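Read top to bottom, the protein sequences are chains C and B. Quick note on numbering: our numbering labels position 153 of the first sequence as 153, and the sequence is numbered without any gaps. Quick note on numbering: our numbering labels position 307 of the second sequence as 665, and the sequence is numbered without any gaps.
Hints are computed from structural coordinates only; laboratory data are not their basis. The model shown is predicted, which means the values in this text are computed figures rather than measured ones. From the three backbone atoms N, C-alpha and C, an ideal C-beta is built for every residue, glycine too. Certain hints may be false.
Stated by the list, open to error - To spell it out: a stretch of chain C is covered by chain B in this simulated footprint if at least three of its residues, at any positions, have a beta carbon under 8 Å from a beta carbon of chain B; those stretches are:
1) 49-61
2) 80-90
3) 113-124
To be verified - Distance windows between CB atoms, simulated:
4) C:Ala310 / B:Asp595: 48 to 58 Å
5) C:Arg281 / B:Ser675: 37 to 47 Å
6) C:Glu210 / B:Ala701: 30 to 40 Å
7) C:Asp52 / B:Asp595: 47 to 57 Å
8) C:Pro173 / B:Ala701: 26 to 36 Å
9) C:Val62 / B:Arg651: 45 to 55 Å
2 protein chains.
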Amino acid sequence: MSEPRRIAVGSGDDAGVLWIGTGLLSDAARYLVSPSGRFLLVSSAGARGPADRIRRVLAGRVLADIEIDDREEAKNLDTVSRIADAAIEAGVRRDDALVAVGGGVVSDVAGFAAAILLRGIAWNAIPTTTGAMADAAIGGKTGVDHASGKNLLGAFHPPRAIVVDPEAAATLPDRDFRAGLVEAFKTAWIGDADLAGRAEGALERILRREEAALLDLLAGSARVKAEIVSEDPEEGDRRRLLNLGHTLGHAFEAAGGYRRLRHGEAVAWGIAAALEVSRERAGLPDADAARVRGVLRLLGPFPEPERDAAALGPSLSRDKKGTSRGTAGILLAAIGRGLIVDAIPLEEWLAAAARVTL
Amino acid sequence: MSEPRRIAVGSGDDAGVLWIGTGLLSDAARYLVSPSGRFLLVSSAGARGPADRIRRVLAGRVLADIEIDDREEAKNLDTVSRIADAAIEAGVRRDDALVAVGGGVVSDVAGFAAAILLRGIAWNAIPTTTGAMADAAIGGKTGVDHASGKNLLGAFHPPRAIVVDPEAAATLPDRDFRAGLVEAFKTAWIGDADLAGRAEGALERILRREEAALLDLLAGSARVKAEIVSEDPEEGDRRRLLNLGHTLGHAFEAAGGYRRLRHGEAVAWGIAAALEVSRERAGLPDADAARVRGVLRLLGPFPEPERDAAALGPSLSRDKKGTSRGTAGILLAAIGRGLIVDAIPLEEWLAAAARVTL
Numbered sequence: 001m002s003e004p005r006r007i008a009v010g011s012g013d014d015a016g017v018l019w020i021g022t023g024l025l026s027d028a029a030r031y032l033v034s035p036s037g038r039f040l041l042v043s044s045a046g047a048r049g050p051a052d053r054i055r056r057v058l059a060g061r062v063l064a065d066i067e068i069d070d071r072e073e074a075k076n077l078d079t080v081s082r083i084a085d086a087a088i089e090a091g092v093r094r095d096d097a098l099v100a101v102g103g104g105v106v107s108d109v110a111g112f113a114a115a116i117l118l119r120g121i122a123w124n125a126i127p128t129t130t131g132a133m134a135d136a137a138i139g140g141k142t143g144v145d146h147a148s149g150k151n152l153l154g155a156f157h158p159p160r161a162i163v164v165d166p167e168a169a170a171t172l173p174d175r176d177f178r179a180g181l182v183e184a185f186k187t188a189w190i191g192d193a194d195l196a197g198r199a200e201g202a203l204e205r206i207l208r209r210e211e212a213a214l215l216d217l218l219a220g221s222a223r224v225k226a227e228i229v230s231e232d233p234e235e236g237d238r239r240r241l242l243n244l245g246h247t248l249g250h251a252f253e254a255a256g257g258y259r260r261l262r263h264g265e266a267v268a269w270g271i272a273a274a275l276e277v278s279r280e281r282a283g284l285p286d287a288d289a290a291r292v293r294g295v296l297r298l299l300g301p302f303p304e305p306e307r308d309a310a311a312l313g314p315s316l317s318r319d320k321k322g323t324s325r326g327t328a329g330i331l332l333a334a335i336g337r338g339l340i341v342d343a344i345p346l347e348e349w350l351a352a353a354a355r356v357t358l
Numbered sequence: 359m360s361e362p363r364r365i366a367v368g369s370g371d372d373a374g375v376l377w378i379g380t381g382l383l384s385d386a387a388r389y390l391v392s393p394s395g396r397f398l399l400v401s402s403a404g405a406r407g408p409a410d411r412i413r414r415v416l417a418g419r420v421l422a423d424i425e426i427d428d429r430e431e432a433k434n435l436d437t438v439s440r441i442a443d444a445a446i447e448a449g450v451r452r453d454d455a456l457v458a459v460g461g462g463v464v465s466d467v468a469g470f471a472a473a474i475l476l477r478g479i480a481w482n483a484i485p486t487t488t489g490a491m492a493d494a495a496i497g498g499k500t501g502v503d504h505a506s507g508k509n510l511l512g513a514f515h516p517p518r519a520i521v522v523d524p525e526a527a528a529t530l531p532d533r534d535f536r537a538g539l540v541e542a543f544k545t546a547w548i549g550d551a552d553l554a555g556r557a558e559g560a561l562e563r564i565l566r567r568e569e570a571a572l573l574d575l576l577a578g579s580a581r582v583k584a585e586i587v588s589e590d591p592e593e594g595d596r597r598r599l600l601n602l603g604h605t606l607g608h609a610f611e612a613a614g615g616y617r618r619l620r621h622g623e624a625v626a627w628g629i630a631a632a633l634e635v636s637r638e639r640a641g642l643p644d645a646d647a648a649r650v651r652g653v654l655r656l657l658g659p660f661p662e663p664e665r666d667a668a669a670l671g672p673s674l675s676r677d678k679k680g681t682s683r684g685t686a687g688i689l690l691a692a693i694g695r696g697l698i699v700d701a702i703p704l705e706e707w708l709a710a711a712a713r714v715t716l
């Protein structure tokens, strides 16, 4: 086991630590935080291997052991309610903590349950997918979906500890592995040109899951995201950069009924569409657009998105990042430099969605 | 209309303002806060008069008009979900705000809906009961009940504006009017001996709903509560003082199935029981205990609580204020001076509950 890297996330009441290193799972008890020493374990069937390792390292300290469904369909208030029921039934107290083992759905739902249980208990994230390692578990956005759109109900409630062990994703199907990496590259593209360049050069090794290359990308994007959310915990302008590709991405996902496209795949299409808008409105050089597009192509091929304006419109107009002034535009001015342009007309996104290719 | 008093509550992101004065409802548009200028109106059938006045002053700016049940049984995630559905259906955005018109159940549930909608939108409280004016609407505790106990799910999410107009409680039944005043006196007893003395002397006029006397008590207790929550927004020790009478109070309420006793009545019994424990453990002078008891008697008579240990125990042991170290004790050292004693044995509360009289 290599020495883990330690990345501070947030500050004050929101402070947490992300630990990243191969083999960390076996030693997770050293990193997980619980004021009382007791834990509520929330995991998914898809993460049973890593969850079993956590059961072993926390033996005798698990107050309740709750398995939830990790599909987007289960990301709702009912699942939160089920976690709360089990926790309260088990006698949860304010100084107990939750630990979520799984992909983004698990950390979003379980983190939200932690946010509202007794008005907030501490929680820890052990992401088991590349998407959750790069993105979902970092930064404190928790929540559930609503029939009308993703993440419409939720809370900012950052985990106290995030333990990232790439071994936890060892059995992840290739399609999910690749889709999750879109989020890691996205973070590099908005905030770290060096990282983006290195990861682009190492892409084949990353896709072969070579430890050093994968760790470099995941740790690098975690560091960039941690810096951004530490500066801007509740999503003012800086943090909104992390939503590159997500305005259309969420619409693509919703239009496909959350079945056609993985989240990362929808975001990849959303980024590709944002490249067009970015050339128009943010002066993104053609060469940079081509490099981003090249990486997305190698992470794919991804299933074609739904492009119909009638299917995309409702979700776009309800985008949380919008205000009554219009839909927000998260664009790229260059690789490593995201840019926010307020109030982009809906029609412009719909036109980009209709044209986008990868 | 007299000039309203302005009381600052909280600071930084949690900053809000409480306005108190007779006739304020007609002028509420001046005080309610919404970044977009648009409002979601949440009210209860019991507050239809005040809600109609708010509909008039906000005419043309109400995005959705949602009536909810204001009984304790309706204080659950389903009601939150119903508010969220209506809000999302109406196209709520992050810069819209909610306004809750009603008693404590309405502000607790609607405030919680505001806390989780789009991960948090602004909200305003217009309390229409003495209990909500004195207590529920101030300080940012929002939430819903769980089958196992009150307020087990929730968030700290303070309203941006609280508009207290005693006229809003004009048609409140006498039993509710009196029960709500228990919370106002409670706040005086833990933190302001002068206010407690004045209100005790004015009790008959307060019970006749004389404007000056009632405003003095409500504004005074709001000021004391605002000071406490501003110092300690997320319930460290200082804020826990506000829970005087609530540890047993919640147990009395739950044991009566939330039907036998009003919240304030249960708290009155809880305070009376805490007087006994306070004489033993906090040196409360007999004369002060007798004065508190005298006020509670005049606010009553209240229905007898359930005293059986088997009925009270489960709820007591799940009290949110407890930690794995024991049940917290909020006691009185003197009128105007609350005191926290950690880890009081459950048995001691149960014994006090068995003996308590008013």
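These are the hints, each one checked on the structure:
no., hint, in the structure
1, 49-61, "violated (count 0)"
2, 80-90, "holds (count 6)"
3, 113-124, "holds (count 6)"
4, C:Ala310 / B:Asp595: 48 to 58 Å, "holds (57 Å)"
5, C:Arg281 / B:Ser675: 37 to 47 Å, "violated (60 Å)"
6, C:Glu210 / B:Ala701: 30 to 40 Å, "violated (53 Å)"
7, C:Asp52 / B:Asp595: 47 to 57 Å, "violated (40 Å)"
8, C:Pro173 / B:Ala701: 26 to 36 Å, "violated (50 Å)"
9, C:Val62 / B:Arg651: 45 to 55 Å, "holds (46 Å)"
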